[in-house]
Amino acid sequence: MRESRLWFWHILAAIVILFLLGMHMGTMHLGAILSSIGFGSRDPVKSADVFHRSQQLIYMITYILLLGSALFHGLYGLRSMLFELTLSKGMEKAIGSVCAVAGIVLFIYGTYVAVRVYQMPHLLAIVKGGQP
Amino acid sequence: MQNGLNNNLGFRGWISGGRYGLDRYAYTLHRLTGLGILAYFIMHIFVTGARLGGPEQWNSRMAFFGRPIFKLGELLVFLAFAFHAINGIRLVIVELGYMLGKPGLPAYPYSYSTLRQKPLFVVVMLVAAILMIIGGANFYSIMR
Numbered sequence: 264m265r266e267s268r269l270w271f272w273h274i275l276a277a278i279v280i281l282f283l284l285g286m287h288m289g290t291m292h293l294g295a296i297l298s299s300i301g302f303g304s305r306d307p308v309k310s311a312d313v314f315h316r317s318q319q320l321i322y323m324i325t326y327i328l329l330l331g332s333a334l335f336h337g338l339y340g341l342r343s344m345l346f347e348l349t350l351s352k353g354m355e356k357a358i359g360s361v362c363a364v365a366g367i368v369l370f371i372y373g374t375y376v377a378v379r380v381y382q383m384p385h386l387l388a389i390v391k392g393g394q395p
Numbered sequence: 002m003q004n005g006l007n008n009n010l011g012f013r014g015w016i017s018g019g020r021y022g023l024d025r026y027a028y029t030l031h032r033l034t035g036l037g038i039l040a041y042f043i044m045h046i047f048v049t050g051a052r053l054g055g056p057e058q059w060n061s062r063m064a065f066f067g068r069p070i071f072k073l074g075e076l077l078v079f080l081a082f083a084f085h086a087i088n089g090i091r092l093v094i095v096e097l098g099y100m101l102g103k104p105g106l107p108a109y110p111y112s113y114s115t116l117r118q119k120p121l122f123v124v125v126m127l128v129a130a131i132l133m134i135i136g137g138a139n140f141y142s143i144m145r
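Read top to bottom, the protein sequences are chains A and B.
The first sequence begins at 264 in my numbering and counts up one residue at a time.
The second sequence begins at 2 in my numbering and counts up one residue at a time.
FYI, nobody ran anything at the bench for these hints, they're computed from the structure.
One or more of the hints may lead you astray.
Unchecked claim - The following residues of chain B were derived to be distant from chain A, with all beta-carbon distances above 10 Å:
hint	residue
1	R32
2	I43
3	Y99
4	P104
5	Y111
6	S114
7	L116
8	P120
9	V124
10	V125
11	L127
12	I131
13	N139
Unchecked claim - To be clear about the criterion: a stretch of chain B counts as covered by chain A if any three or more of its residues have a C-beta under 8 Å from a C-beta of chain A, and this derived list gives those stretches:
hint	stretch
14	51–65
15	84–98
To be verified - EDC-like cross-link-like pairs, simulated, lysine to aspartate or glutamate; straight-line CA separation at most 20 Å:
hint	chain 1	residue 1	chain 2	residue 2
16	A	K352	A	E266
17	B	K72	A	E266
18	A	K309	B	E75
Everything numeric in this text was worked out from a predicted model, so none of it was measured.
The beta-carbon is built from N, C-alpha and C at its ideal position, and this holds for glycine as well.
Please model the entire structure based on the sequences and the hints provided.
As structure tokens, this is what we get:
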């Protein structure tokens with residue numbers, strides 16, 4: 264029951280990632296093409312653009328949602344691959360615990376960054392003021 | 002070795018789809034791309050953490066990761082994403098029980114689910130290929 268519930272969340276996370284990461288990849292990795300037809304920025308990693316996005320509530324929320332979904336989907340996928348090696352129960356438990364702890368630590372760090380940068384409006388003012 | 006037959010396929014067995022065909026290659030590639038994306042994603046979390054240091058630290062980190070070798074790495078991540086995402090849509094459709102076809106008598110020529118799902122597989126691979134070409138064109142445009 265627990266495994267089928269985790270599998271369901273794995274699939275659900277994939278659907279969330281498909282939309283959010285799809286938009287993120289489009290913005291970040293298709294900038295040259297999209298900007299030529301009037302969407303987004305040609306250089307989406309320049310600090311003005313990065314901090315402009317980071318300091319909008321909708322972006323902060325979607326970053327955290329994408330972070331959680333992608334960490335769960337990726338680490339659950341890794342755990343499933345490792346479990347296929349026919350491991351002992353103890354080893355399975357250890358791998359499950361390592362994946363869970365790694366996921367939680369990364370989620371806390373990523374969320375801290377997203378929230379902290381959102382709360383630093385002076386950064387955008389510095390970027391807009393022409394400083395680096 | 003049993004009954005004169007060698008079951009040990011070695012390296013060929015690891016990468017060959019054998020009688021499972023294209024689905025098996027897609028399965029292997031889905032896992033490989035998934036692992037690659039996960040490794041990149043974990044690094045990405047720490048790289049984007051440079052925003053905490055403000056624009057100066059961000060610019061300095063981007064100057065480092067703006068080198069052609071990292072741009073090539075980003076292209077590989079995009080290609081992996083294109084395959085993993087589009088093939089993932091196919092897997093979800095199949096997982097939810099669509100495209101299985103109606104049950105029928107096992108009469109020759111036999112019809113089976115992977116055969117019925119082949120058109121979906123072809124369409125999915127074409128869409129992934131188109132996305133990869135667009136990603137490649139973007140890479141070419143920024144590296145010119």
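Hints and how they fare:
Distance check on R32 (chain B): its Cβ comes as close as 6 Å (rounded) to a Cβ of chain A, failing to clear the 10 Å threshold; non-interface status is violated. Distance check for I43 (chain B) against chain A: the nearest CB is about 7 Å away, which does not clear 10 Å, and the non-interface claim fails. No Cβ of chain A approaches the Cβ of Y99 (chain B) within 10 Å, the least distance being about 13 Å, so the stated non-interface status holds. Residue placement check: P104 (chain B) keeps its beta carbon more than 10 Å from all beta carbons of chain A (closest about 24 Å).
The non-interface label for Y111 (chain B) is consistent with chain A: the shortest C-beta to C-beta separation is roughly 29 Å, beyond 10 Å. Every CB of chain A lies more than 10 Å from the CB of S114 (chain B), the least distance being 19 Å, so the non-interface label holds. Distance check on L116 (chain B): its Cβ is at least 24 Å (rounded) from any Cβ of chain A, clearing the 10 Å threshold; non-interface status holds. Distance to chain A confirms P120 (chain B) as a non-interface residue, since its nearest Cβ pair spans about 21 Å, more than 10 Å.
Residue-level check passed: V124 (chain B) sits 16 Å from the nearest beta carbon of chain A, beyond 10 Å. For V125 (chain B), the requirement that its beta carbon stay farther than 10 Å from each beta carbon of chain A is met, with the minimum near 13 Å. Residue-level check passed: L127 (chain B) sits 18 Å from the nearest beta carbon of chain A, beyond 10 Å. With a cut of 10 Å on Cβ distances, I131 (chain B) stays outside the contact zone with chain A, its closest approach being about 12 Å.
With a least CB separation of 5 Å from chain A, N139 (chain B) falls inside the 10 Å interface cut-off, contrary to its annotation. Closer than 8 Å: that is the beta-carbon criterion, and the stretch 51–65 of chain B has 8 residues meeting it against chain A, so the requirement of 3 holds. Note: the stretch 84–98 of chain B has 5 residues with beta-carbon separation from chain A under 8 Å; the three-residue rule is met and the coverage holds. A threshold of 20 Å between alpha carbons decides the hint, and for K352 (chain A) with E266 (chain A) the separation of about 15 Å falls inside it, so the pair holds.
Between K72 (chain B) and E266 (chain A), the direct Cα distance comes to roughly 38 Å. Violation of the 20 Å bound is thereby established for this hinted pair. With a C-alpha separation of about 16 Å, the suggested pair K309 (chain A) and E75 (chain B) falls inside the 20 Å cut-off, and the hint holds.
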